[in-house]
Amino acid sequence: MPATKPKAAAAAVRRNHRMRVLVGVRTLNEAGFYLTHGADEVYCGLPEIPNHGVRAENYASEAELRATIDLAGKLKKQVFLVANDVFPADVFPKAAAKVAELVRYGASGVIIRDMALLEYFRRRGLKTYFTLSTLGLCFNREALRFFKERGVSRIVLPQHLTPAEAAPMFDGKLGMDIEVFCLPLFYEVNINSLCSLSCPCSQEAVTDPRLQRAYTCLSALKRSDDGGFYTMPMPDSASLLNYFYDFYRLGAQCMKVARGPNGDEVRELFYKSLLLTRLLEKGVSREAFVHEGRKIVSSSQNYGKRYIVKRD
Amino acid sequence: MENAISLSVTEPAGLKPAALKGYDRVYLGSEFCQNKLPTAAAFLKLEKLFGGPVTLVTPLLTDGGLDQAAALVKALCAVKRRRPLEVVVNDWGLLRLLKRNKAARPVLGRLLMWEIGEMDKPFLNAFLREYRAAGVETDDPEVLAKLKGVSGPVHFHYPFRFKSVTRFCSYIRDFNSARCRLECGPAFVRLSSRAIPEPIYMQGNAYFIPNKPLRHPLVKRLVKTSVKE
Numbered sequence: 001m002p003a004t005k006p007k008a009a010a011a012a013v014r015r016n017h018r019m020r021v022l023v024g025v026r027t028l029n030e031a032g033f034y035l036t037h038g039a040d041e042v043y044c045g046l047p048e049i050p051n052h053g054v055r056a057e058n059y060a061s062e063a064e065l066r067a068t069i070d071l072a073g074k075l076k077k078q079v080f081l082v083a084n085d086v087f088p089a090d091v092f093p094k095a096a097a098k099v100a101e102l103v104r105y106g107a108s109g110v111i112i113r114d115m116a117l118l119e120y121f122r123r124r125g126l127k128t129y130f131t132l133s134t135l136g137l138c139f140n141r142e143a144l145r146f147f148k149e150r151g152v153s154r155i156v157l158p159q160h161l162t163p164a165e166a167a168p169m170f171d172g173k174l175g176m177d178i179e180v181f182c183l184p185l186f187y188e189v190n191i192n193s194l195c196s197l198s199c200p201c202s203q204e205a206v207t208d209p210r211l212q213r214a215y216t217c218l219s220a221l222k223r224s225d226d227g228g229f230y231t232m233p234m235p236d237s238a239s240l241l242n243y244f245y246d247f248y249r250l251g252a253q254c255m256k257v258a259r260g261p262n263g264d265e266v267r268e269l270f271y272k273s274l275l276l277t278r279l280l281e282k283g284v285s286r287e288a289f290v291h292e293g294r295k296i297v298s299s300s301q302n303y304g305k306r307y308i309v310k311r312d
Numbered sequence: 001m002e003n004a005i006s007l008s009v010t011e012p013a014g015l016k017p018a019a020l021k022g023y024d025r026v027y028l029g030s031e032f033c034q035n036k037l038p039t040a041a042a043f044l045k046l047e048k049l050f051g052g053p054v055t056l057v058t059p060l061l062t063d064g065g066l067d068q069a070a071a072l073v074k075a076l077c078a079v080k081r082r083r084p085l086e087v088v089v090n091d092w093g094l095l096r097l098l099k100r101n102k103a104a105r106p107v108l109g110r111l112l113m114w115e116i117g118e119m120d121k122p123f124l125n126a127f128l129r130e131y132r133a134a135g136v137e138t139d140d141p142e143v144l145a146k147l148k149g150v151s152g153p154v155h156f157h158y159p160f161r162f163k164s165v166t167r168f169c170s171y172i173r174d175f176n177s178a179r180c181r182l183e184c185g186p187a188f189v190r191l192s193s194r195a196i197p198e199p200i201y202m203q204g205n206a207y208f209i210p211n212k213p214l215r216h217p218l219v220k221r222l223v224k225t226s227v228k229e
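Note that the protein sequences, when read in sequence, are chains A and B.
The opening position of the first sequence corresponds to residue 1 in our numbering, with each subsequent residue numbered one higher.
The opening position of the second sequence corresponds to residue 1 in our numbering, with each subsequent residue numbered one higher.
In short, the hints are calculated from the structure, not lab data.
Since the structure is predicted, the reported quantities are computational estimates derived from the model, not experimental observations.
A hint or two may mislead.
[To be verified] Here are the simulated distance ranges between beta carbons:
1. D171(A) with A75(B): 43 to 51 Å
2. P47(A) with G185(B): 40 to 48 Å
3. L15(B) with D226(A): 24 to 32 Å
[Unchecked claim] For lysine-lysine, the following DSBU-like pairs were computed, each having C-alpha atoms within a straight-line distance of at most 35 Å:
4. K16(B) with K45(B)
5. K148(B) with K98(A)
6. K148(A) with K99(B)
7. K148(B) with K173(A)
8. K16(B) with K148(B)
9. K127(A) with K45(B)
10. K220(B) with K94(A)
11. K148(A) with K102(B)
12. K173(A) with K102(B)
13. K45(B) with K121(B)
14. K121(B) with K98(A)
15. K21(B) with K102(B)
16. K74(B) with K148(A)
17. K99(B) with K94(A)
18. K173(A) with K282(A)
19. K121(B) with K127(A)
Glycine included, each C-beta is placed from N, C-alpha and C at the ideal position.
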């Protein structure tokens, strides 16, 4: 099955266009579910290909991942392989060869962070649709050109960029597809690739609920200067709804629902994100979007604790 | 071993030359916040005061911040120096801009250390040559071990190891492309809780834990952050 390129950004309609919906999956069943319930694309990983997910967010076998590629082909949808970590030297040759093999098999593209992987493909004359992970630190139009020159076709916009700041990156002449998170439902307190604070998301198979206490970014911390308490700041819900509205209006082509180790939480995130996306596509006013959006995002989503792996 | 001291943007005001005695180089700017870029005048004044090499330090940049940083580099490069202006770069966009500027030489900063630490070393070394990088920076022994095989010098920061950063500033409750009056100051605030394994230190929009200077064959420069409490 040949690799296919998703519909290009250049044709983005800035008013009431349809955003592609991308969902992270960890099984063939999940892929089948999302691809038949509103998703245009899924992405998935294997533990032997370095990626930012914990083991429980990856597929258990390559055979199942290949079956997902087959299924997406039948449904005329897309499957991306996630390789969004820098490949350590000791695994690079084997892991890069596996990525190339799965692209040849029919994966629609690869989500990357490591520039050495782009070079590996270039040297071998292998072409595919590369997406730069949000971990890749692309914060301005010049950085976007930097990655475009290296073969990237899509970037996942960092969560820590406002629409006003990111507007120059939406210039159609730059020719980059832009993917955004559904920010009102998925926002990380600190810049994800630059955070090594104590947190279960960086640990494998966290099953002990007591470790919830180790989420530094969600804890009340005592200050040494005035004795008061400090919690790490983030924009409020209304601001994040407004940002999502504005990114859509700027012409974002794709909305991403991130992987998680717990299927039911991803499913809830998917349905809520889809509802917000469809509201935008209806062309509702900003005020109506924020009003309705608040109802959708206000129910408990337990976001910060999503990396505590539950027993299925 | 070269010894450098890193000053925040507010520190040069009223600084006495004696405070810089014993250092081979001074850093000025911020690796973490684009509101803490120095003015060209302040940078040039510090160069004159110190009488030795001064490195411009830059953070991750939005388009607005990139325009400011590019204008600053241009102004600083208009002044003749015996060696190119050294710029600590933490943003791929600024690195791309500097590629064509022979009057400036980039050093890859700490925000890029995880990208370059793990990176395939033949690729990394070719990349450093392509961008004429004068070195790479870290503050983490684990990253330093991964840098074995890198072709350029490594600079090691102390007495704090960077742990995390946000662009949403707790002082102005806004993203740091918004104007501020540097309300955060240069102080490091200790943050503690029984819920986390160890205290962390906040300076502006970044978080740290203490570390110590590390002597290692790859490390050719120690960079001490000036600490106010």
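Between K16(B) and K45(B), does the CA-CA distance stay at or below 35 Å? Holds, at roughly 12 Å.
Next pair to validate is K148(B) with K173(A); report whether the Cα-Cα distance is within 35 Å. Roughly 40 Å separates the two Cα atoms, so the pair is violated.
CA of K173(A) to CA of K282(A), is that 35 Å or under? Answer holds: K173(A) to K282(A) is near 27 Å, not above 35 Å.
Hint consistency between K121(B) and K127(A) [alpha-carbon to alpha-carbon, up to 35 Å]: holds (23 Å)
Sort out whether K98(A) lies within 35 Å of K121(B), counting only the CA atoms. Distance ~20 Å between K121(B) and K98(A) Cα, so the pair holds.
Is the straight-line distance between the alpha-carbon of K21(B) and that of K102(B) 35 Å or less? holds (30 Å)
Would the pair K74(B) and K148(A) pass a check requiring their Cα atoms to be no farther apart than 35 Å? holds (25 Å)
Starting from K45(B), check that the Cα of K121(B) is at most 35 Å away, please. violated (39 Å)
Straight-line alpha-carbon gap K99(B) to K94(A), limit 35 Å: Between K99(B) and K94(A) the Cα gap is close to 32 Å, so the pair holds against 35 Å.
Can you confirm whether the C-alpha distance between K173(A) and K102(B) stays at or below 35 Å? Within the cut-off at roughly 28 Å; holds.
Distance restraint between K16(B) and K148(B), which requires alpha-carbon spacing of 35 Å or less: violated (39 Å)
Holds or violated: K148(A) with K99(B), Cα cutoff 35 Å? Holds - the C-alpha atoms of K99(B) and K148(A) are around 16 Å apart, at most 35 Å.
Violated hints, listed in ascending order, are 1, 7, 8, 9 and 13; each of the other numbered hints is respected by the structure.
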